[in-house]
Amino acid sequence: MNAIFTYLLEASICLAISLGLYRVLFSGLTFFSWNRTVLLVILGLSFCIPLLSFEGFVIQSTAVREFTLPTFQVGEGVSAESSTWTWTQVLFGIYLLGATFVAARLIFGFMISQRLIGKAKLTRFETHWVAVHPEFIPASFFDYILMPEFDPQDPKQKQILAHESVHVRLKHSWDLLLVNFAKVVFWFNPLVYLFEKCLREVHEYQADQGVTSQVSPKEYATLLLQLISAKPGWQFMNNFNQFQTKKRILMLTKTNSRPQQKARFLALIPAIALLVFVFSCEITPEQEIEGPTQEAKGPSLGPSDLSARISAEADEVFDITEVMPEPPGGMSGWNNYLAKNLNYPKQARELGIEGTVIVVFVINQDGSIRDAEILRGIGGGADEEAMRVVMESPKWTPAFQRGRAVASRMRLPVSFKLAGSENTASVPELSSNEKAIPETNGPTVVAHGYPLKTKTN
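When we follow the UniProt record's numbering, the leftmost residue of the sequence shown carries the number 1, and every step to the right adds one.
Take the hints with a grain of salt, since some may be wrong.
[To be verified] Pairwise CB distance ranges, derived in the manner of DEER restraints:
(1) Q157 with P270: 43 to 51 Å
(2) Q261 with Q365: 47 to 55 Å
(3) E135 with I107: 16 to 24 Å
(4) V278 with K346: 52 to 60 Å
(5) S257 with P328: 52 to 60 Å
[Unchecked claim] The list that follows gives simulated cross-link-like pairs (lysine-lysine, DSBU-like), each with its CA atoms no further than 35 Å apart:
(6) K218 with K197
(7) K254 with K156
(8) K197 with K171
(9) K340 with K417
(10) K119 with K197
(11) K254 with K121
(12) K218 with K254
(13) K197 with K262
(14) K119 with K156
(15) K158 with K247
(16) K247 with K121
(17) K197 with K156
(18) K246 with K156
(19) K158 with K246
(20) K171 with K119
(21) K246 with K171
(22) K197 with K254
(23) K346 with K395
(24) K247 with K218
(25) K158 with K121
(26) K247 with K171
Because the hints were derived from the structure by calculation, they are not lab data. Ideal Cβ placement from N, Cα and C applies to all residues, glycine included.
Construct all of the structure, not just a fragment, from the sequences and the given hints.
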């Protein structure tokens, strides 16, 4: 889930930078075919760049963050809290609802268009099919020209048909289909709708240019003014006179851009290279330095923590990743799992043992758990109990680094405390192993217990 949000964010940033570059450098040029190609490349790269991954780049890192996951509490007499929705799950649910709505609208529009074309009278105009139906406005839909009436001898209709023929010949509807797929994924991003506007404008400029090669720009501009229509069409259609008439007329009368201005398109090369480098290149830290702690948001049920730190190891086990691993059901599910399964060992209660057990384990690329070990133990069965709960955990969603699943190391402190008593058993000193991993200031998993009472006669 976090990987999806990361992808959407990175793709949106790529689109914002690329579209901004287009608006500044290219939108005013009359190289309409080039502009169309640039826009389609921008959309494709915005989708693909965050998915690319290039390894081998080594960048010196001097700041390392430590992540502390949400807290929870388990103990005798405390019932496990029912599963609750996390903010991540709520946001993802909203995202899916929006995507479903946009996709349904897309499918509905396609079906309506197909149904109307099925009812229309089909005739040929030059090499294209013309679908004639009173409900149509002049438009194009894939291989069809849509007209409310058909009279190829009428001078105005001939100009409209010539305009729509360009849309059909250049397959503009396929461009719009691609944009609508992007709107399903990025429905929340206003830049996608700005992108669609830019692409539709280029489509209209291309079609207008095709008409003015046959009639005078002045005559054609007069037709545009006479046929102003505010009636919208469906998503795949290029509607005649759909966009701002003033902008189209200005573009008709604009002097063609000089061929030398095509050199501007070379600016795309360093821009694309920079985006690929920023979003697709692996960064391997050369040194490990402690830095600030960042706390992940999630439900809090009591004192506890899981923490992870960064180190670059030869076996590619990460202590911190771009997208942290996630237990089944999110942190809410992990909290409930620990609350239901973590018990205070009988032997530890009998001996009055309290203290903190630290378990370190690795989450594989497939989400399974391996290499669990006790970094610090207190005895009395507490070590085994903490280890058991970790090893019996269901599979996690693995960590992701630059779009691929990676193994990651997690650290789980479990604090065993007896209610209403002082420590009666000492906690062992830190081992040399433990000193290699600094302590965190975050809370720990706490298992509350009560000393066993001996029966008296």
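Verification of the supplied hints:
no.	hint	verdict
1	Q157 with P270: 43 to 51 Å	holds (48 Å)
2	Q261 with Q365: 47 to 55 Å	holds (49 Å)
3	E135 with I107: 16 to 24 Å	holds (20 Å)
4	V278 with K346: 52 to 60 Å	holds (56 Å)
5	S257 with P328: 52 to 60 Å	holds (57 Å)
6	K218 with K197	holds (25 Å)
7	K254 with K156	holds (23 Å)
8	K197 with K171	holds (17 Å)
9	K340 with K417	holds (17 Å)
10	K119 with K197	holds (30 Å)
11	K254 with K121	violated (39 Å)
12	K218 with K254	holds (12 Å)
13	K197 with K262	holds (23 Å)
14	K119 with K156	holds (25 Å)
15	K158 with K247	holds (22 Å)
16	K247 with K121	holds (34 Å)
17	K197 with K156	holds (26 Å)
18	K246 with K156	holds (19 Å)
19	K158 with K246	holds (22 Å)
20	K171 with K119	holds (23 Å)
21	K246 with K171	holds (25 Å)
22	K197 with K254	holds (20 Å)
23	K346 with K395	holds (28 Å)
24	K247 with K218	holds (14 Å)
25	K158 with K121	holds (18 Å)
26	K247 with K171	holds (23 Å)
Violated hint: 11 only; the structure is consistent with all others.
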